[in-house]
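K.L.:
As a plain string of letters, each chain reads:
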Amino acid sequence: MGNRLSLVVFSGEMDRLMAAFVIATGAAASGMEVTMFFTFWGLQAVKKPVRTGASAMGRMLGWFLKDADGVGPSKLNFGGAGRWMFKQMMRKHNVTSVPELRALAAELGVKMLACQMSMEVMEVRREDLVDSVQEVVGVAAFLEEAARSRVTLFI
Amino acid sequence: MEATKRGLVLDLKGLLCPIPVVKLAQAVKTVQVGDVIEATATDPGVLADIPAWCRTTGQELVSIGREDKVIHFAVRRVK
Numbered sequence: 004m005g006n007r008l009s010l011v012v013f014s015g016e017m018d019r020l021m022a023a024f025v026i027a028t029g030a031a032a033s034g035m036e037v038t039m040f041f042t043f044w045g046l047q048a049v050k051k052p053v054r055t056g057a058s059a060m061g062r063m064l065g066w067f068l069k070d071a072d073g074v075g076p077s078k079l080n081f082g083g084a085g086r087w088m089f090k091q092m093m094r095k096h097n098v099t100s101v102p103e104l105r106a107l108a109a110e111l112g113v114k115m116l117a118c119q120m121s122m123e124v125m126e127v128r129r130e131d132l133v134d135s136v137q138e139v140v141g142v143a144a145f146l147e148e149a150a151r152s153r154v155t156l157f158i
Numbered sequence: 009m010e011a012t013k014r015g016l017v018l019d020l021k022g023l024l025c026p027i028p029v030v031k032l033a034q035a036v037k038t039v040q041v042g043d044v045i046e047a048t049a050t051d052p053g054v055l056a057d058i059p060a061w062c063r064t065t066g067q068e069l070v071s072i073g074r075e076d077k078v079i080h081f082a083v084r085r086v087k
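So the protein lines, in turn, are chains A and B. Residue numbers are given in our numbering: position 89 of the first sequence equals residue 92, and the series is strictly consecutive. Residue numbers are given in our numbering: position 22 of the second sequence equals residue 30, and the series is strictly consecutive.
Calculated from the structure, these hints are not laboratory results. Warning: the hint list may mix true and false statements.
As the list claims (entries may be wrong) - Reference excerpt, derived from the structure (chain A facing chain B, CB under 7 Å, subset only):
1. VAL25
2. THR28
3. GLY29
4. ALA32
5. THR99
6. SER100
7. GLY112
8. SER152
9. LEU156
Stated by the list, open to error - Okay, the calculated beta carbon distance ranges per label pair:
10. A:GLY141 / B:GLN40: 43 to 49 Å
11. B:GLY22 / A:ARG54: 46 to 52 Å
12. A:ARG128 / B:PRO59: 43 to 49 Å
Even glycine gets a Cβ: it sits at the ideal position worked out from N, Cα and C.
Next up, chain A with everything else stripped away, as it sits in the complex:
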């Protein structure tokens, strides 16, 4: 079993995405090979700030799907006021933002994979995702990575 870390990023909330990227960048800096698998709401972490969706319902869903900078915290969001407050406080305390952490993760060689099935369901196209995503894969590809990992986390 290699010195690897695999993360399933299911959540699309600012605080959880921060935790995922802090762990991923910290692991990469500690010499681990890191794979992040973005599925369902987690796709927001690797989505460009574009409106998605092809069908009527897909476009409605696309209206709710944010990008890494647009997601709110899991608690105290208050329709965006909490997001603004958290961002102010994070800046005050010099905490790295989610988009910055994602860029750092890419720089450190963290492998980012997007879930094909979630993309189909949510009508998100490959071109709606940021360039740091290396591949769009299914569960078997992720499981192959997880099986070779010392640590696997679901966030």
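Go by the hints and put chain B onto chain A.
P.N.:
For chain B alone, coordinates are given in the frame of chain A:
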């Protein structure tokens, strides 16, 4: 970042997790084996994180200590 005869001096003051560890990991790659990186930081998490990072990556923790609010540490590149 400033190059010295002994290696490198890093200013990590004001930076919070995971940035101190990431900057140290990046800096270690730029120095020779045997060189020492000296750093200052203010995040108290560094006190536990830098020793842990050294154990995980096999680098040598030369020293770590706290003076008032500033943490000083030195890490030697072993491999």
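K.L.:
Measuring from the C-beta of A:SER152 to each C-beta in chain B, is the shortest one below 7 Å?
P.N.:
Result: violated, 15 Å to nearest chain B Cβ.
K.L.:
Hint check: is the beta carbon of A:SER100 less than 7 Å from a beta carbon of chain B?
P.N.:
violated (12 Å)
K.L.:
Next item in the hint list is A:ALA32. Is there a CB on chain B closer than 7 Å to its CB?
P.N.:
holds (4 Å)
K.L.:
Within 46 to 52 Å or not, the Cβ separation of B:GLY22 and A:ARG54?
P.N.:
violated (37 Å)
K.L.:
With 7 Å as the cut and Cβ atoms as the points, is A:THR28 at the interface with chain B?
P.N.:
holds (5 Å)
K.L.:
Does A:GLY29 pass the interface check with chain B, least Cβ-Cβ distance below 7 Å?
P.N.:
Holds. Min distance 4 Å.
K.L.:
Taking the CB of A:ARG128 and the CB of B:PRO59, does the distance hold inside 43 to 49 Å?
P.N.:
Holds, since A:ARG128 and B:PRO59 (Cβ atoms, about 46 Å apart) stay within the stated range.
K.L.:
Let me know if the C-beta of A:LEU156 comes in closer than 7 Å to any C-beta of chain B, holds or violated.
P.N.:
At about 15 Å, which exceeds the 7 Å cut-off, the nearest Cβ of chain B leaves the hint on A:LEU156 violated.
K.L.:
Classify the hint on A:THR99 as holds or violated, based on whether any CB of chain B lies nearer than 7 Å to its CB.
P.N.:
holds (6 Å)
K.L.:
Verify the interface restraint on A:GLY112: the C-beta must sit less than 7 Å from at least one C-beta of chain B.
P.N.:
Where the cut-off is 7 Å and the nearest Cβ of chain B is about 11 Å from A:GLY112, the hint is violated.
K.L.:
Does the beta carbon distance between A:GLY141 and B:GLN40 stay inside 43 to 49 Å, or does it fall outside?
P.N.:
Once the Cβ atoms are compared, 45 Å apart, the range 43 to 49 Å for B:GLN40 and A:GLY141 holds.
K.L.:
Would the hint on A:VAL25 be counted as holding, given a Cβ-Cβ threshold of 7 Å to chain B?
P.N.:
Where the cut-off is 7 Å and the nearest Cβ of chain B is about 5 Å from A:VAL25, the hint holds.
The structure shown violates the earlier hints numbered 6, 7, 8, 9, 11.
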